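A.B. asks: Chains E and X, in that order, give the protein sequences. So the first sequence is numbered by the numbering used here: it starts at 35 and just counts up by one. So the second sequence is numbered by the numbering used here: it starts at 67 and just counts up by one.
Honestly, the hints are just simulated from the structure, not real lab data. The structure displayed is predicted, hence computed values, not measured ones. You may find that some hints are simply not true.
[Said to hold, decoys possible] Chain X stretches covered by chain E per the calculated footprint, using a threshold of three residues with CB under 8 Å from any CB of chain E:
hint, segment
1, 147 to 161
2, 256 to 267
[What the hints assert, rightly or not] Selected chain E positions facing chain X (Cβ under 8 Å, derived; list incomplete):
hint, residue
3, Ile163
4, Val252
5, Glu277
6, Leu286
From the three backbone atoms N, C-alpha and C, an ideal C-beta is built for every residue, glycine too.
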Amino acid sequence: MSEKVIDRVTSTTGQEPSTPSGYRAAESQRRWARRARRTVAVLLPFVVWWTLAEIANNRLFPGPIEVIATLVDVTADGTIWFHAQQTAQRGLTGLAIAVVGGVFLGVGMASVRWMDSVLEPLVSATYPIPKLALFPLLVLALGFGAESKIVMVTLECAYPVILTTYAATRGVDKHYLWLARNVGAGPLARFGIIMRATSTSMVATLRMALPIMLVIMVVTELISESRGLGYLLRRASSDFDPELTMAVVLLLAIVGFVLDRLVVLLGDFVGRWAGKVQL
Amino acid sequence: MIDAILDRKWLASLLFALLLIILWQCMDVFELLPSYVLSPWDILDALVATTVDGTLPLASVQSVLLQLSGFAVGAIAGVVLGLTAGVSRWAEDFIDPVVSLTYPLPKIALFPVVVIWFGYTDFSRALVIATSCFFPVFVNAYAGTRSIEPRLLWVARNADAGKARIFLQVILRAAMPAVSNGIRISLALSFILTYATETLGASAGGLGNMIEDGFNDLQYGPLWAGIVAFAILGLVADRIWGRLSALWTRGQLVEAMGRV
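Chain E extracted, bound-state conformation (with noise of 0.2 Å):
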């Protein structure tokens, strides 16, 4: 994966070292390149942001400095734990429903064949429809509180998840499920025998289900609420306090970060238990 693709069409043409040890010393030092690079990469956005607003000097525009100390503050006397929970349960339940709901319906759809002929074509045509235009429907029905929050992003998340689950239960290989057949396993463990087969992409889903939950959480609490990252962002914005607004944000990148690198880590564990190595 590391191999660029322009760099393998010029190695050929380039200098090679014709000594293994030689090899090695040009390697490292490349290696080092890179992670220097890389480093500079992630910082150069700060010190440019920093930059930029020592010279504007502006209120409405904080460096990074101060909207890490605001983070902080807010972090410390606990205003931003209330918010970061009630949106974290909402959205976390959203997506639980969405990956339990979407993998029995993906499951079924690859296994039972009416199911195929009556849902999969419904499922694949309303996927690009903007679902969170239904929004103010579903506050109509459920209220401003939590209910019409967590079905919309099971709404939206539901989707890829039960397209995914679709087609990697049809890619599983015919054999293992003739085979557990042919043995005797009843329905539950050739779900099981599906679950591990497919347990890859459901990681990958999960993955990709992660960032669209996030959206529409903030999203909704944007439009239409009292409490959650979504609010005091508003909230912040509305008072014209860019530093707790860029705050909020900081904080949202870093759950987002956090809470994909615990996919990630998941996806490591399962590859293991499904004897494949992936993500």
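Based on the hints, put chain X in the right spot on chain E.
C.D. replies: Structure of chain X alone, referenced to chain E:
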């Protein structure tokens, strides 16, 4: 009979959808629906009414212009940077870490920040839509370029093709299915963000504002008309892109990402 219907998937699902719609209409006849759920017939009525008085076409045009401008900027930036990061190790080292760090952030969260600087304007909206649309395109273009079959490159090199030629005739074409997939995801995303940004802040115009006004004034006709218009726009855009990308990726295996 049932077997013959089940064999034709589109027919089976169409019949099922019709059944649902009829059931929906029946529920209205027996007055089982809450006031905010219009019957299919009333929705059709609302669509015609809002089209005749011009509000729906106007709002749709406004929304599409906003969506297209944000989407185009984001998608083009994604393709260009994604391909660059895919073929050049230098570019990769500078772009990839930044993108990986910012990727999991819900980009809509930037909207309140942007609003502080530029207000609730279409510029703020397009900026957030573009930022959101950039990521799926970039990630797919980058991954697509990196995972090119090496044998294709060996053949090209063997045929004494230059760098520019390899890029244009081999890499670009081989990465096309992945790029097209990323663009498809961004296209769906752009409509979600168009709705979200139009709903926030008063006097936005566009379908999002139409839905929001209908919600606030309990005018369920325009509310439903806006929702249906969004659904149709999303579907049509996806179909158009499907057709276009089929032209460019003809004969290639299109990897299904969330699509079958």
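A.B. asks: If a hint holds in the structure, say so; if it does not, say that too.
C.D. replies: Each hint, compared with the structure:
With 9 residues having a beta carbon nearer than 8 Å to a beta carbon of chain E, the segment 147 to 161 of chain X meets the requirement of three or more and the stated coverage holds. Coverage of the segment 256 to 267 of chain X by chain E holds in this model, with 7 residues showing a Cβ closer than 8 Å to a Cβ of that chain against a need of three. Because the closest C-beta pair between Ile163/E and chain X is about 4 Å apart, less than 8 Å, the hint holds. Here the hint on Val252/E is kept, as its CB sits about 5 Å from the closest CB of chain X, short of 8 Å.
Because the closest C-beta pair between Glu277/E and chain X is about 10 Å apart, greater than 8 Å, the hint is violated. Given the 8 Å rule on beta carbons, the hint for Leu286/E holds: about 5 Å separates it from the nearest Cβ of chain X.
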